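Heads up: the protein sequence lines correspond to chains A and B, in order. Heads up, the first sequence stops at 132 in this note's numbering, and the numbers go up one at a time, no gaps. Heads up, the second sequence stops at 126 in this note's numbering, and the numbers go up one at a time, no gaps.
Just so you know, the hints here were simulated from the structure itself, not pulled from any lab data. Computed from a prediction, not measured in an experiment: that's the story for all the values here. Don't take each hint at face value.
As the list claims (entries may be wrong) - Residues of chain B placed beyond 10 Å of chain A at every Cβ, according to the derived structure:
#1 Gln-17
#2 Ser-32
#3 Glu-41
#4 Gly-42
#5 Asn-47
#6 Gly-58
#7 Ile-68
#8 Ser-80
#9 Gln-85
#10 Ser-93
#11 Leu-97
#12 Ser-99
#13 Thr-109
#14 Gly-118
Unchecked claim - Going by beta-carbon spacing under 10 Å, a handful of chain B positions derived as facing chain A:
#15 Gln-21
#16 Gly-56
#17 Arg-57
#18 Tyr-64
#19 Glu-74
#20 Gln-77
#21 Leu-98
#22 Ser-101
#23 Gly-102
#24 Phe-103
#25 Cys-106
#26 Ala-107
#27 Lys-110
#28 Gln-115
#29 Phe-117
What the hints assert, rightly or not - Listed below are the simulated DMTMM-like cross-link pairs for lysine to aspartate or glutamate, each with C-alpha atoms no more than 20 Å apart in a straight line:
#30 A:Lys-90 - A:Glu-73
#31 B:Lys-95 - B:Glu-41
#32 A:Lys-124 - B:Glu-74
#33 A:Lys-89 - A:Glu-73
#34 A:Lys-90 - A:Glu-35
#35 B:Lys-110 - A:Glu-113
#36 A:Lys-46 - B:Asp-100
#37 A:Lys-124 - B:Glu-41
Backbone N, C-alpha and C fix where the C-beta goes; we use that ideal spot for every residue, glycine too.
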Amino acid sequence: SQQGEEDPQALSIQEGENATMNCSYKTSINNLQWYRQNSGRGLVHLILIRSNEREKHSGRLRVTLDTSKKSSSLLITASRAADTASYFCAAQEWGGSEKLVFGKGTKLTVNP
Amino acid sequence: SQTIHQWPATLVQPVGSPLSLECTVEGTSNPNLYWYRQAAGRGLQLLFYSVGIGQISSEVPQNLSASRPQDRQFILSSKKLLLSDSGFYLCAWTKTAREQYFGPGTRLTVT
């Protein structure tokens, strides 16, 4: 079943602005991951935040995790046209399979 | 370095025909392997995963099956395709409880 739910479904901003995407999930997780997908391509891993972490940074990316609210956010600062893509959160549940439950994604368009 | 291959890249098949999509991973051993399907404009739905040769777990009962005949080979099959099987099929692997690495995907259109 789909566990992660992102919002907004679509986001259009100007270059240089910040983009914030949110994700909610339903069960206990080992970690929460964010992926990027360019149109018609495979997914690329961006960042992973563990269940005992609250915030993580990687370059222009900032991820927060609130396990009490079962939610996460991805912030992309100083966006570029090349950031245009779909972004998915994925919740990794505890257990041996390491399987991920993906949300439906946020389609981000950065206008030059 | 590790790489993951999927083929074919695109496929157009008539309803009722069989299907075989292949995924292979190089540069690692005993990975966990996954098959996902992505409908147009939607998120990924986990179809099958495998933690070892011959070990297949099905997430969604449907018209598809999976097999892992070798350590780094994962095959998605169907005996008779349905229109609803159309979509973008992605294979992925992971070694630890961390990120998954995705293949380039196969675009399947059932006509």
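So, going through the hints one by one against the coordinates:
no.	hint	verdict
1	Gln-17	holds (13 Å)
2	Ser-32	holds (23 Å)
3	Glu-41	holds (15 Å)
4	Gly-42	holds (16 Å)
5	Asn-47	violated (5 Å)
6	Gly-58	violated (4 Å)
7	Ile-68	holds (15 Å)
8	Ser-80	holds (18 Å)
9	Gln-85	holds (19 Å)
10	Ser-93	holds (21 Å)
11	Leu-97	holds (21 Å)
12	Ser-99	holds (17 Å)
13	Thr-109	violated (5 Å)
14	Gly-118	violated (6 Å)
15	Gln-21	holds (8 Å)
16	Gly-56	holds (8 Å)
17	Arg-57	holds (6 Å)
18	Tyr-64	holds (5 Å)
19	Glu-74	holds (8 Å)
20	Gln-77	violated (14 Å)
21	Leu-98	violated (21 Å)
22	Ser-101	violated (14 Å)
23	Gly-102	violated (12 Å)
24	Phe-103	holds (8 Å)
25	Cys-106	holds (9 Å)
26	Ala-107	holds (8 Å)
27	Lys-110	holds (9 Å)
28	Gln-115	holds (6 Å)
29	Phe-117	holds (4 Å)
30	A:Lys-90 - A:Glu-73	holds (13 Å)
31	B:Lys-95 - B:Glu-41	violated (30 Å)
32	A:Lys-124 - B:Glu-74	holds (17 Å)
33	A:Lys-89 - A:Glu-73	holds (14 Å)
34	A:Lys-90 - A:Glu-35	violated (30 Å)
35	B:Lys-110 - A:Glu-113	holds (15 Å)
36	A:Lys-46 - B:Asp-100	violated (27 Å)
37	A:Lys-124 - B:Glu-41	violated (29 Å)
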